[in-house]
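**Student:** The whole structure should be built from the sequences, with the hints applied where relevant.
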Amino acid sequence: MSEPTPTPPQPTDAPAPEPDRRSALLWVTGGLGAAAAAAVGVPVAGFLAGAVRARPVDWVPLGKIADAAVFPPNETRLHVFRNPIHEEWDGDSAKTGAYVRYLGKDESGKDQFWVFSMICAHLGCPVTWFPQSGLFMCPCHGGVYYENGDRASGPPPRGLYKMPWRVTDGVLEVQAPHLPTLQDTLEKPSKIVELGVIKRDRTGGRA
Amino acid sequence: MTARFVRPVVLLALAAAGCNPPGKPAPKTIPDRPDALVDFNVLYATHCAGCHGADGTLGPAPPLNDPLFLRIVPDAELVKVLTDGRPGTPMAPFAQAKGGPLTAAQVKVLADGLKTKWGAPPTSAAPDVPAYALTGKGDVENGRMAFAMACASCHGDKGQGGKTGDQPVGAINDPAYLALSSNQVLRRYVITGRADLGMPNYAGKTGRPHNFSALTEQDVADLTALLNSWRSPATK
Amino acid sequence: MKRIITSVGNWFEARLRLKPSVMPLLEHPIPAGAAGPKGWWYVFGSASMTLLFLQIATGIGLALVYVPSADQAYQSLEHLNYRQPFGWFLRSVHYWSGSGMVVMVVIHMTQVFLHGAYKYPRELTWVFGVCLLLLTLGMAFTGQVLRWDADAYWGVGVGASMAGRVPVGGPAVVELLLGGPTIGASTLSRFFALHVFIIPGLLLALVGGHLWLVMTRGISEPPVPGQPVDPKTYDAKYHEELKKGKPFLGDAMTKDGLFSAVVVLVVVALAAVIGPKGPNGLPDPTLTGANPRPDWPFLWLFGLLSLSPAGLETFVMLAFPVVLVIGLLLVPFISNRGERAPSRRPVAVLIVLVGGTTLAVLTYEGMTSPWSPRMSGWSGDPVPVAMVKRSSPLELQGAAVFQLKDCRNCHALDGLGGKRGPDLSSVGARLTRDQLIDQINNGTPGGGNMPAYGKHVRPAEMDAMVAFLVSLRPPGQPPARIATVPAPKK
Chain H
90 MSEPTPTPPQ PTDAPAPEPD RRSALLWVTG GLGAAAAAAV GVPVAGFLAG
140 AVRARPVDWV PLGKIADAAV FPPNETRLHV FRNPIHEEWD GDSAKTGAYV
190 RYLGKDESGK DQFWVFSMIC AHLGCPVTWF PQSGLFMCPC HGGVYYENGD
240 RASGPPPRGL YKMPWRVTDG VLEVQAPHLP TLQDTLEKPS KIVELGVIKR
290 DRTGGRA
Chain S
401 MTARFVRPVV LLALAAAGCN PPGKPAPKTI PDRPDALVDF NVLYATHCAG
451 CHGADGTLGP APPLNDPLFL RIVPDAELVK VLTDGRPGTP MAPFAQAKGG
501 PLTAAQVKVL ADGLKTKWGA PPTSAAPDVP AYALTGKGDV ENGRMAFAMA
551 CASCHGDKGQ GGKTGDQPVG AINDPAYLAL SSNQVLRRYV ITGRADLGMP
601 NYAGKTGRPH NFSALTEQDV ADLTALLNSW RSPATK
Chain Y
6 MKRIITSVGN WFEARLRLKP SVMPLLEHPI PAGAAGPKGW WYVFGSASMT
56 LLFLQIATGI GLALVYVPSA DQAYQSLEHL NYRQPFGWFL RSVHYWSGSG
106 MVVMVVIHMT QVFLHGAYKY PRELTWVFGV CLLLLTLGMA FTGQVLRWDA
156 DAYWGVGVGA SMAGRVPVGG PAVVELLLGG PTIGASTLSR FFALHVFIIP
206 GLLLALVGGH LWLVMTRGIS EPPVPGQPVD PKTYDAKYHE ELKKGKPFLG
256 DAMTKDGLFS AVVVLVVVAL AAVIGPKGPN GLPDPTLTGA NPRPDWPFLW
306 LFGLLSLSPA GLETFVMLAF PVVLVIGLLL VPFISNRGER APSRRPVAVL
356 IVLVGGTTLA VLTYEGMTSP WSPRMSGWSG DPVPVAMVKR SSPLELQGAA
406 VFQLKDCRNC HALDGLGGKR GPDLSSVGAR LTRDQLIDQI NNGTPGGGNM
456 PAYGKHVRPA EMDAMVAFLV SLRPPGQPPA RIATVPAPKK
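Residue numbers (the numbering used here), protein chains in the order written: chain H, 90 to 296; chain S, 401 to 636; chain Y, 6 to 495.
The hints are simulated quantities; they were obtained by calculation from the structure and are not laboratory data. This one's a predicted model, so the numbers in the text were calculated from it and none came from an experiment. Each statement offered as a hint is correct.
Here are the simulated DSS-like cross-link-like pairs (lysine-lysine), alpha carbons at most 27 Å apart as the crow flies: (1) Lys-184(H) / Lys-428(S); (2) Lys-424(S) / Lys-282(Y); (3) Lys-515(S) / Lys-394(Y); (4) Lys-282(Y) / Lys-428(S); (5) Lys-153(H) / Lys-498(S); (6) Lys-605(S) / Lys-394(Y); (7) Lys-460(Y) / Lys-194(H); (8) Lys-194(H) / Lys-498(S); (9) Lys-184(H) / Lys-282(Y); (10) Lys-460(Y) / Lys-251(H); (11) Lys-517(S) / Lys-394(Y); (12) Lys-251(H) / Lys-277(H); (13) Lys-237(Y) / Lys-248(Y); (14) Lys-460(Y) / Lys-498(S); (15) Lys-199(H) / Lys-460(Y); (16) Lys-184(H) / Lys-498(S); (17) Lys-498(S) / Lys-199(H); (18) Lys-251(H) / Lys-194(H); (19) Lys-251(Y) / Lys-43(Y); (20) Lys-394(Y) / Lys-563(S); (21) Lys-498(S) / Lys-251(H); (22) Lys-277(H) / Lys-194(H); (23) Lys-394(Y) / Lys-558(S).
Okay, the calculated beta carbon distance ranges per label pair: (24) Pro-408(S) / Ala-128(H): 56 to 66 Å; (25) Ala-315(Y) / Thr-564(S): 45 to 55 Å; (26) Lys-24(Y) / Pro-408(S): 31 to 41 Å; (27) Pro-425(S) / Thr-373(Y): 17 to 27 Å; (28) Gly-122(H) / Met-220(Y): 28 to 38 Å; (29) Ala-127(H) / Val-13(Y): 49 to 59 Å; (30) Pro-375(Y) / Asp-557(S): 47 to 57 Å; (31) Leu-69(Y) / Ala-134(H): 25 to 35 Å; (32) Leu-334(Y) / Pro-425(S): 38 to 48 Å; (33) Ala-476(S) / Asn-446(Y): 30 to 40 Å; (34) Ala-505(S) / Thr-373(Y): 29 to 39 Å; (35) Glu-617(S) / Thr-257(H): 49 to 59 Å; (36) Gln-80(Y) / Pro-408(S): 29 to 39 Å; (37) Pro-425(S) / Val-27(Y): 42 to 52 Å.
Cβ atoms here follow ideal geometry from the backbone N, Cα and C, with glycine treated the same way.
**Tutor:** Right, dumping it as structure tokens:
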């Protein structure tokens, strides 16, 4: 394999190209090749980077706080909604859920909530709420959390992920969640990801 | 020539497509979404069997496979208890509206299915069965007399427990037991007994004095009042 | 008839000139030992390749119908299962052939390792082989994701959560893996491209390289104790050996063909008898009661992740696989010379035994997953009838409370129920009333295995439940008591 490839015999009737002409040809070939590679490579690189979708900051209304059927005080309920961060063809996988408990008003009269992601902090499986024992249990590796989201037992290294929420005109809204992981929680998204992705609204315009 | 080779291949393929090897997936019987599951047996086995027993008897909770119970309990009551549970007792609310796992339709399937599967045919109805619902018109003193007649031989004269044959009977006059039992379930036991554990119903004579006659509506109310009076003041 | 075929064949041969290029490849000499009865050791590699071609064939078939779109993949799988003629069978063969490929690659690798066939001059062949193992597992994982059901969805979630633990860059890796901030359409498209284009491309290229190396450096002769490999003299010795060798086209190829045929028949039989896997459950992350499990090639990892101590977990997840792969890649460089026969290489035999046993045990644990709570245990696992029959009214209420408080999700009674905590069928003989109350109220000290239930058990519930638990004793055995403390009065 290491033998040099034999050079094809030069046509004898043609004069051997002068050395500077040949090197010029090499330069031109190299330059054109680089231009061709860039012309194709830059858009392809942009395409690959663009395949990573932007994270829109979006808020999802879950219901009127005054409605006790939606937010019974001191009872944890699963709220299912379509995540605004999704594609049209996501199907069921665009659905996501939040465990919400209405805690009533605090001293200053503000409504207080616990809002937890369904995603287990151990390895991302869905936790189930058991109202009678006040525990969230994970079916994969057996992580268990207390009703306030604290870790109760099993392998999770922390409590449940808290989802950012706000109250607008008496309606509870939660922030559309990305898939939370240990270094990229919902309350404190990873800087690494924000660096690479242009933050934009779902409608596209505002930053 | 072509036909000679193609025909057997096609026939073989058709034969293979027609036959059903065990690996061929059988049509689905369980719906994709748990909410859409409306098979009584599956629902019962998943959500009820833990406490009420695999076939509705011999669980720690009141037996549901009890024709007498199913004859007197109103349909609406079954739906209501399945939906809301019985607060204070080990019966949990099962409707999604109350934080449970079941849809309203599934609650209905369970409530209806209990009667369809385990209810007695209506012909065997006796006319004088006491009503299921609490009346609240009982008298504790009369209850004491009824207790001595109907219950004391097994449960002890003050409900402190006793024996049936050589089988010990635990106390019912126990603050924790009563705290976890609603008056409704106490009344129900007075009427239906627990056939699966050998406790006679309102009319049963097993283990009772010879001159025992079936408990009347009033007896049942009085007995319930007596049991209620045993509750510790804190849980009354 | 025969004349026509011959002349047509000659016409093509005159133009393609295959004989002078292909025939030497097929007829290349192999060591005589490898063509004899010991040649049966050499059949696993070609069986892996046969299954790879079966995977390509069935995979192309499935791709004609499968829709790699998050909202329709599940329906298209159901269409394959129930409506498309032989659709279920193709899915089934693809699953079992893929499983068989993992098995064959692992057996092939074990054989090569035990026979020291990776030693000089076949180091690179081994390295290619390790890469092929990783790509095969990559196919298994990406293939599981294409079965876009609940297991697939949460399998991606687990993979992403593991990747998310990579120091610093983890979150970026997650986005790259998912194709966005959530698991969804882009994720499936991404795994489809991986499963159908990228990994198979690499796989075929590496198989080519692997075969090229097998051709150029020859296959190893069966190991003989007392004939160690010495890189200085090996080439000349092997050359001598080949002079007495046999052509591959002959006994050796027949053995390969026969074994491959048997393997394919076994795969087809499994496919017909056991059938395709899934799809199980919609890929809807909000459906409660999901109980995600990885496909069998990853059950050992599932087990390992549950059993590894919390402090070591991130290491086990991230560093351990890397260490394992580097270790495999380094095998031919650590032991490049010396004895090849397993009888002279006790360490190699020990590594295979220990490694194999560990994998088997972890896979079994992953399969039974005793650490997982039984999510419907509290409402679906009946209290054993014998316990009900001997219980007092208070103990019956206690048993009901025991169910209500979801204890059954982790604790079995008479073997039925969760396996995470101990079976409590005779707990009354082990723990006193006070110890039980303490355990239930406070859980395992130091945030251990059992959560604290104090806030969620009222006094009457505790009384009843503990009465029930104290009553759980073998017949005739008294309640547990501590010698220094008088038995609690009831």
